Amino acid sequence: MRLARAGDESAFAEIMRRYGPRVFRVASRFFRRREQVEEVAQEVFLKAFTQLESFEGRGSLEGWLAKIAANTCLNILRGSKRRPEMTASDMTEDEATWLDDKLADVATERHRASERAVVAADLTDRVLGTLSPEDRMVLMLIDGEDTPVKDVAELLGWTESNVKVRAFRARRRMREAVERLLARGGKPRDRIESAGER
Amino acid sequence: MKDEHIIAMLDGSPLGAMSEGELAAAGAHAENCSECARALEAARVSSLMLKSRAAEGFEPSPFFQTRVLAALRERQAAAVEFWSLGRLWKSAGVLFSTMAATTAALAALTFIAPQQSSQDVATNNRPYTAEDVILGQSNQSDDQMSYGQVINTLYATDDSTER
Numbered sequence: 000m001r002l003a004r005a006g007d008e009s010a011f012a013e014i015m016r017r018y019g020p021r022v023f024r025v026a027s028r029f030f031r032r033r034e035q036v037e038e039v040a041q042e043v044f045l046k047a048f049t050q051l052e053s054f055e056g057r058g059s060l061e062g063w064l065a066k067i068a069a070n071t072c073l074n075i076l077r078g079s080k081r082r083p084e085m086t087a088s089d090m091t092e093d094e095a096t097w098l099d100d101k102l103a104d105v106a107t108e109r110h111r112a113s114e115r116a117v118v119a120a121d122l123t124d125r126v127l128g129t130l131s132p133e134d135r136m137v138l139m140l141i142d143g144e145d146t147p148v149k150d151v152a153e154l155l156g157w158t159e160s161n162v163k164v165r166a167f168r169a170r171r172r173m174r175e176a177v178e179r180l181l182a183r184g185g186k187p188r189d190r191i192e193s194a195g196e197r
Numbered sequence: 000m001k002d003e004h005i006i007a008m009l010d011g012s013p014l015g016a017m018s019e020g021e022l023a024a025a026g027a028h029a030e031n032c033s034e035c036a037r038a039l040e041a042a043r044v045s046s047l048m049l050k051s052r053a054a055e056g057f058e059p060s061p062f063f064q065t066r067v068l069a070a071l072r073e074r075q076a077a078a079v080e081f082w083s084l085g086r087l088w089k090s091a092g093v094l095f096s097t098m099a100a101t102t103a104a105l106a107a108l109t110f111i112a113p114q115q116s117s118q119d120v121a122t123n124n125r126p127y128t129a130e131d132v133i134l135g136q137s138n139q140s141d142d143q144m145s146y147g148q149v150i151n152t153l154y155a156t157d158d159s160t161e162r
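From first to last, the protein sequence lines are chains S and L.
Each residue of the first sequence is one higher than the one before, counting from 0 in numbering that gives the first Met the number 0.
Each residue of the second sequence is one higher than the one before, counting from 0 in numbering that gives the first Met the number 0.
It should be emphasised that the hints constitute simulated quantities derived from the structure, not laboratory data.
Fair warning: this is a prediction, and the values are worked out from it, not measured in the lab.
It is possible that some hints are incorrect.
Said to hold, decoys possible - Ranges of calculated distance between the beta carbons of each label pair, as one might list FRET restraints:
1) R77(S) - A7(L): 22 to 32 Å
2) E73(L) - D7(S): 17 to 27 Å
3) R21(S) - A16(L): 15 to 25 Å
4) E73(L) - E61(S): 22 to 32 Å
5) L60(S) - P61(L): 21 to 31 Å
6) G58(S) - E3(L): 39 to 49 Å
7) A16(L) - E61(S): 21 to 31 Å
8) E55(S) - S33(L): 49 to 59 Å
9) E58(L) - N161(S): 29 to 39 Å
10) T49(S) - M98(L): 32 to 42 Å
11) R77(S) - S60(L): 26 to 36 Å
Said to hold, decoys possible - DSS-like mimics (lysine-lysine), calculated; alpha carbons at most 27 Å apart, straight line:
12) K66(S) - K149(S)
13) K46(S) - K149(S)
14) K50(L) - K149(S)
15) K66(S) - K163(S)
16) K163(S) - K149(S)
17) K50(L) - K66(S)
18) K46(S) - K66(S)
19) K163(S) - K50(L)
Glycine is no exception: its CB is placed at the ideal position from the N, C-alpha and C atoms.
Let the hints inform the model, and build the full structure from the sequences given.
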C-alpha cells in the first residue's frame, strides 16, 4: 500500500490482481458486455490510483475499491439516457417463451440451461433498465446476491433504513413491472404460435 | 395470515430470505386471492431474474492489468504535458502583456504627449485679434489699465512733452 502510494506500478498491479475480481463483480451488476465492464473497472483503478492518498485505512482496501466501483457505475448510469418504459410488446420471442415457461414452472432445473439463462438475463436486464440506478443496485445486491443490508449501506454510504426503504420500493417496482409483463406475456407467445401455424 | 394480503410482505423482504412457513402461508393465501396470486408469481419470477443476473459476471482478462497501467502512464504523460503547456501559456502571457504595455507606452509617448506640446505652441503663437482685445477689456482685473486708459496716458505724455 505504501509503495503504491509512492507511485510504484508493481505494487499497484498487485492491488489490481488481488481486488480486480471484486471490482469486476460490482461492474457486472450494471453492465453485461465484457468491454463495458473492463472499461468501468479500468476507470475505477485509475481513480483509485489518483485518490490513493485519500484512503485513510479505516476500512478495508477492498471495500474502498468496491465503493469507488459502485459510485462510478451509478454516475455512468445517471449520465446515460432516460430509462425506457418496458412493455410486453418489447419482448423478443425467446423472452416471451421464457416467461411463459416460468409461469408453468418457476424452478425446474431445465430452465437453468445456459441458453435459457442468457435469455433470462437479457429480459432481466431490460426490466432492471426501467428502474433507477440506485434501485437497481440495491435489488441486485440484496435480492440477487443476498448481501446483508448493513453491507449495502456501507458500500453505498447510505443509512440502513434508507437501504431498506429503497429496497422495498425497488422490489415493488420490479414486481409490478414483471406482473405487467406476465399479464400480457401470453400475447407474444400466441403471436409466435400463430406465426408457426402459418 | 390466510386472510391477510401478502403483497406488503413480498415487497418487504427478498423471497429467498423468507422461511418455509412464511412461503407456505403466502401460497395458501394466494390460492384464494387472485391479486396476491399474481403478485406472488411476479415476485418469484423477479427473484429468479435477479438471481440469474447476479450469477453472471466476468473475471479480469490477463491483459487487464497491462491495459490499466498503460492508461495510467498515458494519463500521467498527459498531465505532465498539460502542465508544461500551462507553463508555456503563462510565459506567453507574460511576454504578451509586456509587449502590450510597451506598445501602449510608446503610443502614449508618440500621440498624446506631442499633441499636448503642439497645442501649447499653437496657443502661445496665436496673434491677438480685435475681438480678443475688446473682449479682454471686460475680463481684465481692476488693477489693470484699460486699453483706452493706456492710449490716453500715452497721448497725455506726448502732449506734456510738446509743451
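Hints versus structure:
1. R77(S) - A7(L): 22 to 32 Å: Between R77(S) and A7(L), where Cβ atoms are some 30 Å apart, the hint holds.
2. E73(L) - D7(S): 17 to 27 Å: Given range 17 to 27 Å: holds, Cβ gap about 18 Å.
3. R21(S) - A16(L): 15 to 25 Å: For R21(S) and A16(L) the Cβ distance comes to about 23 Å; the hint holds.
4. E73(L) - E61(S): 22 to 32 Å: Holds - the Cβ-Cβ distance for E73(L) and E61(S), about 26 Å, lies within 22 to 32 Å.
5. L60(S) - P61(L): 21 to 31 Å: holds (22 Å)
6. G58(S) - E3(L): 39 to 49 Å: holds (41 Å)
7. A16(L) - E61(S): 21 to 31 Å: With Cβ atoms ~25 Å apart, the hint holds.
8. E55(S) - S33(L): 49 to 59 Å: holds (55 Å)
9. E58(L) - N161(S): 29 to 39 Å: holds (32 Å)
10. T49(S) - M98(L): 32 to 42 Å: 38 Å Cβ-Cβ, so the 32 to 42 Å window holds.
11. R77(S) - S60(L): 26 to 36 Å: Given about 27 Å between the Cβ atoms, the range holds.
12. K66(S) - K149(S): holds (14 Å)
13. K46(S) - K149(S): With a Cα-Cα distance of about 25 Å, the restraint between K46(S) and K149(S) holds, given a limit of 27 Å.
14. K50(L) - K149(S): It holds: about 20 Å lies between the C-alpha atoms, which stays within 27 Å.
15. K66(S) - K163(S): With a Cα-Cα distance of about 19 Å, the restraint between K66(S) and K163(S) holds, given a limit of 27 Å.
16. K163(S) - K149(S): Between K163(S) and K149(S) the Cα gap is close to 10 Å, so the pair holds against 27 Å.
17. K50(L) - K66(S): It holds: about 22 Å lies between the C-alpha atoms, which stays within 27 Å.
18. K46(S) - K66(S): With Cα atoms ~12 Å apart, K46(S) and K66(S) stay inside 27 Å; holds.
19. K163(S) - K50(L): This hinted pair holds, its Cα atoms lying about 19 Å apart.
Hint compliance for this structure: every hint is met.
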